[in-house]
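Chemist: Spelled out, the chains give:
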Amino acid sequence: MPVRVQKEDFDAGAEIARLREGNPKVGAVASFIGIVRDLNDGDAVATLTLEHYPGMTEKSLEEIVGQAMQRWDIYDALVVHRVGTLEPLDQIVLVVVTSAHRGESFKACEFLMDYLKTQAPFWKKEVTPDGARWVDARASDDAAAGRWS
Amino acid sequence: MKPNETQTATITILYFARLREALGKEQEDLVLPEGVNTVAGLTAFLRDRGGAWATELGAGRSVRVAVNQDMAGPEMVISGGEEVAFFPPVTGG
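In the order they appear, the protein sequences are chains A and B.
Here the numbering used here runs 33 ahead of the position in the first sequence, where the first position is 1.
Here the numbering used here runs 1 ahead of the position in the second sequence, where the first position is 1.
This is chain B alone, in the form it adopts within the complex (with noise of 0.2 Å):
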């Protein structure tokens, strides 16, 4: 791309489970906002939409995501392009 082209930098948010219902989202496209680069970051990011999005993922409550479809940690760096899942800690079995 040319050094003055701008990029538009998205990604696909999905939620699961008791944060899907309380959140009242199950996916979402994003355009990275500015200075959101990191799992943290974006967490931060969603949380001060405030309601259930700061309640869910605010301190004190357990909550797991995923970059592509590996668990990642709150360091993980988000560019754009990527599949970023949300959830509460895992029950199955």
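The following block holds chain A by itself, in its conformation from the complex (with noise of 0.2 Å):
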């Protein structure tokens, strides 16, 4: 399944051209790439660290993936997040999708972010001046899900 866990970065545009690669019929690539930001409620972020549940984390992203290919018109979904210790500027996630046209890529990318970000078992913690801290779950993230369903 075209889903992975790493602490290496990733090469988008390498891997958007080896998911649509010796596929004529895909006319349209959606994709997003999450990135740390160097201010989250409003405290300066030093490092970005990503915890994970191994095993649980795989198969939740491909159920999600799996998710998306039934429900909307795809060819192909891809889905990189990275673990471990991040520093801003560095990028978090990238999520892949191939179809047809854009509307049916647009719309699977957005289900696949929404859904990975409250359903999948990662969990960040900062480094901030004031020390670390668990990053809190927010409710306009699962306002986000709750929209597709």
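Treat the hints loosely; a few may be bogus.
Stated by the list, open to error - Simulated pairs of lysine-lysine, PhoX-like, Cα-Cα distance not exceeding 25 Å:
#1 A:K158 to A:K92
#2 A:K92 to B:K26
#3 B:K26 to A:K158
#4 A:K40 to A:K158
#5 A:K140 to A:K58
#6 B:K26 to A:K40
#7 A:K92 to A:K140
#8 A:K40 to A:K92
FYI, nobody ran anything at the bench for these hints, they're computed from the structure.
Grab the two chains, each in its own frame, and use the hints to assemble them into the complex.
Modeler: Laid out in structure tokens, this is it:
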């Protein structure tokens, strides 16, 4: 399944090229990249550490991709999510979706991110000038995921 | 197994993120106590350990539970052999 959890950085261009390689039916590619910001809840962020639940993370991401494949007329989807300690400017997550027309790719890509944020077992801990703190889940993320049900 | 044989039901419990730190524990094997056979029952048993357990698993705290790597509600049955995970609401992406 097109899901990877890794410490290493990713190359979005190479991932997109690989996903649509040799498929002349693909007329649209939508992608999303999540990046570490240097500010969260009003505080400077020095580092962001991502913890996950090995096994369940991959399983839940595969389920989410499976739902997207069923729900929209798309050819393929890819999710790459990093774990470990990251810094501002670093890439965190990549979602790529291919389809014949843009509408399906856009929607599936947004759905994948909304579901990933509320269902896949990842947790962020950030270091600010006041020390380390676990990032709280946001109600706005639940609301975003709720749009699709 | 023979009717008069007793079987010990053991589960593996995993703790993640804030819970792992607050409880000072990442993983434990637990022989299911008498009468504990659901997620709610297990949570109550752990809460009764007191201290950080009572606080972190207490009312008003958002704790999610997965059984065998699937999200589980309080009524989910636990009978032994499961991998049960406790963690805060997820914050990936």
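Chemist: Against this structure, judge whether each hint is valid.
Modeler: Hint-by-hint comparison with the structure:
For the hint pairing K158 of chain A with K92 of chain A, the CA-to-CA distance comes to about 22 Å; that is within 25 Å, so the pair holds. With a CA separation close to 24 Å, the supplied pair K92 of chain A and K26 of chain B stays within the 25 Å bound. Straight-line distance between C-alpha atoms of K26 of chain B and K158 of chain A comes to about 17 Å, which keeps the hinted pair within the 25 Å bound. Taken as a hint, the K40 of chain A and K158 of chain A pair is honoured in the structure, with Cα atoms around 16 Å apart against an allowance of 25 Å.
For the proposed pair K140 of chain A and K58 of chain A, the alpha carbon gap of about 18 Å is at most 25 Å, so the pair holds. Under the criterion of a C-alpha separation no larger than 25 Å, the hint pairing K26 of chain B with K40 of chain A is consistent with the structure, at around 24 Å. Note on K92 of chain A and K140 of chain A: the hinted pairing holds, with a Cα-Cα distance of about 22 Å set against a maximum of 25 Å. Using a Cα cut-off of 25 Å, the hinted pair K40 of chain A and K92 of chain A holds, with the two alpha carbons roughly 18 Å apart.
When the structure is compared with the earlier hints, no violation turns up for any of them.
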